[in-house]
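There are 2 protein chains.
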Amino acid sequence: MQGQRLERLLGGVYGPNRFYTSKLDRAGIRLDALQLPRDLSRLPLTTKTELVGDQIAHPPWGTAFSEPIDQYTRYCQTSSTTGRPLRWIDDNESWQWMLECWKTVYRGARVDRRDRIFFPFSFGPFLAFWTAFEAGCQIGAHCVPGGGMSSQLRLAMIETIEPTVLCCTPTYALRLAEVAAENRADHRPLSESSVRVLIVAGEPGGSIPATRERIERSWGARVIDHHGLTEVGPVSFECWEQPGFLHLNESEYVCEVLDPSTLEAVPDGQPGELVITNLGRTLTPVIRYRTGDIVVRRSDVCRCGRTWARLEGGILARADDMINVRGVNVYPSALESVVRQFDEVVEFRSTVRRAGAMRSLSLEIELTPQAADAPGIATRVTQQLREALGLTIPVHVADSGSLPRFEMKARRLVIEE
Amino acid sequence: MQGQRLERLLGGVYGPNRFYTSKLDRAGIRLDALQLPRDLSRLPLTTKTELVGDQIAHPPWGTAFSEPIDQYTRYCQTSSTTGRPLRWIDDNESWQWMLECWKTVYRGARVDRRDRIFFPFSFGPFLAFWTAFEAGCQIGAHCVPGGGMSSQLRLAMIETIEPTVLCCTPTYALRLAEVAAENRADHRPLSESSVRVLIVAGEPGGSIPATRERIERSWGARVIDHHGLTEVGPVSFECWEQPGFLHLNESEYVCEVLDPSTLEAVPDGQPGELVITNLGRTLTPVIRYRTGDIVVRRSDVCRCGRTWARLEGGILARADDMINVRGVNVYPSALESVVRQFDEVVEFRSTVRRAGAMRSLSLEIELTPQAADAPGIATRVTQQLREALGLTIPVHVADSGSLPRFEMKARRLVIEE
Numbered sequence: 001m002q003g004q005r006l007e008r009l010l011g012g013v014y015g016p017n018r019f020y021t022s023k024l025d026r027a028g029i030r031l032d033a034l035q036l037p038r039d040l041s042r043l044p045l046t047t048k049t050e051l052v053g054d055q056i057a058h059p060p061w062g063t064a065f066s067e068p069i070d071q072y073t074r075y076c077q078t079s080s081t082t083g084r085p086l087r088w089i090d091d092n093e094s095w096q097w098m099l100e101c102w103k104t105v106y107r108g109a110r111v112d113r114r115d116r117i118f119f120p121f122s123f124g125p126f127l128a129f130w131t132a133f134e135a136g137c138q139i140g141a142h143c144v145p146g147g148g149m150s151s152q153l154r155l156a157m158i159e160t161i162e163p164t165v166l167c168c169t170p171t172y173a174l175r176l177a178e179v180a181a182e183n184r185a186d187h188r189p190l191s192e193s194s195v196r197v198l199i200v201a202g203e204p205g206g207s208i209p210a211t212r213e214r215i216e217r218s219w220g221a222r223v224i225d226h227h228g229l230t231e232v233g234p235v236s237f238e239c240w241e242q243p244g245f246l247h248l249n250e251s252e253y254v255c256e257v258l259d260p261s262t263l264e265a266v267p268d269g270q271p272g273e274l275v276i277t278n279l280g281r282t283l284t285p286v287i288r289y290r291t292g293d294i295v296v297r298r299s300d301v302c303r304c305g306r307t308w309a310r311l312e313g314g315i316l317a318r319a320d321d322m323i324n325v326r327g328v329n330v331y332p333s334a335l336e337s338v339v340r341q342f343d344e345v346v347e348f349r350s351t352v353r354r355a356g357a358m359r360s361l362s363l364e365i366e367l368t369p370q371a372a373d374a375p376g377i378a379t380r381v382t383q384q385l386r387e388a389l390g391l392t393i394p395v396h397v398a399d400s401g402s403l404p405r406f407e408m409k410a411r412r413l414v415i416e417e
Numbered sequence: 418m419q420g421q422r423l424e425r426l427l428g429g430v431y432g433p434n435r436f437y438t439s440k441l442d443r444a445g446i447r448l449d450a451l452q453l454p455r456d457l458s459r460l461p462l463t464t465k466t467e468l469v470g471d472q473i474a475h476p477p478w479g480t481a482f483s484e485p486i487d488q489y490t491r492y493c494q495t496s497s498t499t500g501r502p503l504r505w506i507d508d509n510e511s512w513q514w515m516l517e518c519w520k521t522v523y524r525g526a527r528v529d530r531r532d533r534i535f536f537p538f539s540f541g542p543f544l545a546f547w548t549a550f551e552a553g554c555q556i557g558a559h560c561v562p563g564g565g566m567s568s569q570l571r572l573a574m575i576e577t578i579e580p581t582v583l584c585c586t587p588t589y590a591l592r593l594a595e596v597a598a599e600n601r602a603d604h605r606p607l608s609e610s611s612v613r614v615l616i617v618a619g620e621p622g623g624s625i626p627a628t629r630e631r632i633e634r635s636w637g638a639r640v641i642d643h644h645g646l647t648e649v650g651p652v653s654f655e656c657w658e659q660p661g662f663l664h665l666n667e668s669e670y671v672c673e674v675l676d677p678s679t680l681e682a683v684p685d686g687q688p689g690e691l692v693i694t695n696l697g698r699t700l701t702p703v704i705r706y707r708t709g710d711i712v713v714r715r716s717d718v719c720r721c722g723r724t725w726a727r728l729e730g731g732i733l734a735r736a737d738d739m740i741n742v743r744g745v746n747v748y749p750s751a752l753e754s755v756v757r758q759f760d761e762v763v764e765f766r767s768t769v770r771r772a773g774a775m776r777s778l779s780l781e782i783e784l785t786p787q788a789a790d791a792p793g794i795a796t797r798v799t800q801q802l803r804e805a806l807g808l809t810i811p812v813h814v815a816d817s818g819s820l821p822r823f824e825m826k827a828r829r830l831v832i833e834e
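Residue numbers (this note's numbering), protein chains in the order written: chain A, 1 to 417; chain B, 418 to 834.
None of these hints come from the bench; they were simulated from the model.
One or more of the hints may lead you astray.
[Unchecked claim] Which bits of chain B does chain A cover? Going by a derived footprint, with three or more residues having C-beta under 8 Å, they are:
no., region
1, 474–486
2, 502–515
3, 535–545
4, 558–567
[What the hints assert, rightly or not] Cβ-Cβ distance ranges computed for the label pairs, FRET-style:
no., chain 1, residue 1, chain 2, residue 2, range
5, B, Arg-524, A, Leu-31, 40 to 46 Å
6, A, Arg-353, B, Ser-817, 35 to 41 Å
7, B, Glu-579, A, Val-328, 45 to 51 Å
8, B, Cys-721, A, Ala-185, 55 to 61 Å
9, A, Pro-16, B, Arg-435, 22 to 28 Å
10, B, Thr-466, A, Ser-150, 26 to 32 Å
11, A, Ala-185, B, Gly-420, 52 to 58 Å
12, A, Glu-159, B, Gln-800, 47 to 53 Å
Cβ atoms here follow ideal geometry from the backbone N, Cα and C, with glycine treated the same way.
Same shape as in the complex, but just chain A (with noise of 0.2 Å):
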C-alpha cells in the first residue's frame, strides 16, 4: 500500500516538479528501478535549507510544486525562528488531504461534534491551527475564531461562550493562565471553566512533564500535545492511553528514524533524526525530509491498540537548537523542563553569550506577583540545573512584566555573540 502510494507521488514529481526532479537525477535515480517501499533509503534527503536557497534562487516560490502556480489556493509560511521564512502553497485537494490528517488528530484527543473549540491567536500565514480551524467545523464541532483581541478579551469569552476544548501553544495556554491569575476579581478560576482538553503545538512544552503538568494543573483539563511542521503537514499526536508518547500518522506519513550525522536509520529506543515524507499532500510534497525534530521511536504495539509508532516523550528537541556550553550539550527543552517545576516562574528567557573562547549560559526568571524570597527562588533554580544537567548557571529576577510574552511560537533563547 505505501509502496503503491510513494510510486504514484514520485510519478506525479518527476518531470513537472522541478525540484525533485533534478534532486532525483543527480542521485542517478531511475524511478522505474526501484522497489518501493524496500529502496525509500535511496532516495535523496531533502533539507529545509535546500527549500530555502531554491526559493532564494527562484523567488517567491522556488521550483518545488508540481502544477503551475494558479492551481494552488493556500499560502502559509513557517514561523522562521531563524532566517527567512519558508513559503509553501497547497492546492484545495492536498489542504482537505491536511484536515484529514488533523481529524486524527481530534480522534486521537476524543473530540468530536459535541465540543467547542476556541482558537485564541490571530491567524497569520502560519499553517498552524488553519487547518484545525477548518478540520474542527467538518467533523462538525463549534469552532470560535479568537484573532485580534486581548487575552482579557479571549478570557472573558472563554467564560461566556464556554468551549470545551483550546487549542493554542503551551506558551500561550500558560499565558492565559497568567492573566487569569492577575485579574481574579474579574474571572472565574480556569479550573472551573469548562474547557477540558487543550490541544497544544508549536514547541516541545506538551511533552515536557513539568509544562503539561502546570498547563493542566491551571486549567483543570487534559492536554493533549500535537506536532507538525508548515512544510509537512499534521504529523502526530499525544495518545489518550500513554501520555507522554506521540502517535505517529503512518497512514499518511513515511517516517524515519536516522542518526544525523551518519544519516543510517537508528533502532527504535535510540534518539535520532525524524525524516518525513507525506503521501497525500501531492502538489506540494516533501520527499524524505529531514524535520531537524530529535526523537526516540517506539514500534511496538501501544497500550491503546494503535500500531503505529510512537514518540517516547514527544519531540525531544530541535537538531539545530543545541547549544554546547563549556563542553556541555544544553536543549532548550531541558532548560525549561526545570524551570517550570518552580510554581514561582511565570516567565524565562537564557542568554548565551561568548566570552573571548567560552561560551556562558545565563538565565532571567520572572516570578508571580506573590512569590517571596526572590534570591532564594533563584539558588533553587540555580541547584536545579546543576543537578539536571550538570551546569552551573546564573538566575537572575527579572522585573516583573519585563520578559516577553508570546502568542505563538515562544523566542526564549536568545544567542549573542
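Could you slot chain B onto chain A? The hints should help.
Just chain B, lined up with the frame of chain A:
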C-alpha cells in the same frame, strides 16, 4: 420561486425557533393563511435590539436558532460599534450558502481562479472576511491570510507575493497607503503594485466618491464596494459597469426599503431603511430584519444587464449614526466625503459635545508630513464643510500620528455627552 423559499423558511422556523415562533404568534400570523411573497409585509419586522435583548435574557445564544446548539459549527459576533456584540452561529450548510453569496461578489468584482487575494487583517470573530477567504479558496483563487502582522510586514508581503486583489476596510486600504508613503525608501509605490482590485467593506467609504478616488489613486487599482452584515450575510456588491451602484443579491435575499418612521415601503429613488430576509441561512435566518442602513433603491435594469435592484451611492448612512447639530442632520459619511477631498489629510476624528442645551461638532485632522500651511488647510476644510452641510465646524490640526488608526471598522465619531 421566492414565495416557495419564504414558505419553506417560515415552515422550518415556526416551532423550533422560539424567537420567531413567539414573534409570529404575537403578531397573530397563521402561516397556512399567508400567500407569499404577496403577504410578506404582514410578517413582523425584526430589530437588532430585539436580538441582543433575547441574548441577554437567554445567554449566551438567545433563542433565535432552529436546531440544538451542537448542530452549529461556526461562531461570529458583530463588531459592536455601540453596545454589546451580537453573537451569531451557523451550521455548515448555511455557511456554505454564504460562501455562494461571496462567489457572486467575486464574479461582480471580476475576480476568479487566476487571482491571488491578500487578506490584511487578523481573523477575529467578525464574519467580515472569513467567508470571503473560504469562498476565495473554493473558486480556486490563491488566498493569503495576513493576520497578526504589522502594516510594514504586510506591505513587504504584497511586494513579494504579488497579490492581484485585496479585501479590507476602506480605512485600512488608506492606512497601508499612508505607511507605504512614510517608508518610501523600503517600498516601491503602491500604484505600481500588482494589486488591480480592492474589495472594500465594513464602512461606507467604498461608495463615498472622495474616499474611493483616493484609494484608487493610491493603489492604481479599482475599488469595488461590498456590503454585508454578520447577522444577515454578504448582501451586495458594486457594479463594475456602473460604479457607485451596489447590486442587491436578490436571488438569495428578499430586500425591502421602508420609511423608518411609518414602516411603509418607499418608492424607488426615495431614501429609506433597507430591510432584509435571507433565504438560505436556514438554521439562523433573519426575517424582515431592519438593517439600520439608509439606502436609495433603483429597480430599473442596470447598464450591465443585471435585473437585480441597485442601491444608488451605496449605504448612504446608518439610521442611528445621524447626529443633529443646531437643527442640521449630519451623517458621518457626509463629513468623510468632504474631508477625503483634501489630499493632505491622512486621518480625522469628529467629536460631538453638549454645552448646555446646545450640541456642538468639531473636527480634528491629521496632515501628511509634507503638508505646508496647516492653518490654511484647516480653514479650507471648514469652508468646504460649511458649503456642503451649512454648518460652521471648527477644525483643529492634530499632531502627526496622534489620531487612532484602524484595521477593521473605524470609529471616527466620538460622542461626549
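Structure-based check of all given hints:
| no. | hint | result |
| --- | --- | --- |
| 1 | 474–486 | holds (count 3) |
| 2 | 502–515 | holds (count 4) |
| 3 | 535–545 | holds (count 5) |
| 4 | 558–567 | holds (count 9) |
| 5 | B:Arg-524 with A:Leu-31: 40 to 46 Å | holds (43 Å) |
| 6 | A:Arg-353 with B:Ser-817: 35 to 41 Å | holds (40 Å) |
| 7 | B:Glu-579 with A:Val-328: 45 to 51 Å | holds (48 Å) |
| 8 | B:Cys-721 with A:Ala-185: 55 to 61 Å | holds (58 Å) |
| 9 | A:Pro-16 with B:Arg-435: 22 to 28 Å | violated (56 Å) |
| 10 | B:Thr-466 with A:Ser-150: 26 to 32 Å | holds (27 Å) |
| 11 | A:Ala-185 with B:Gly-420: 52 to 58 Å | holds (55 Å) |
| 12 | A:Glu-159 with B:Gln-800: 47 to 53 Å | holds (52 Å) |
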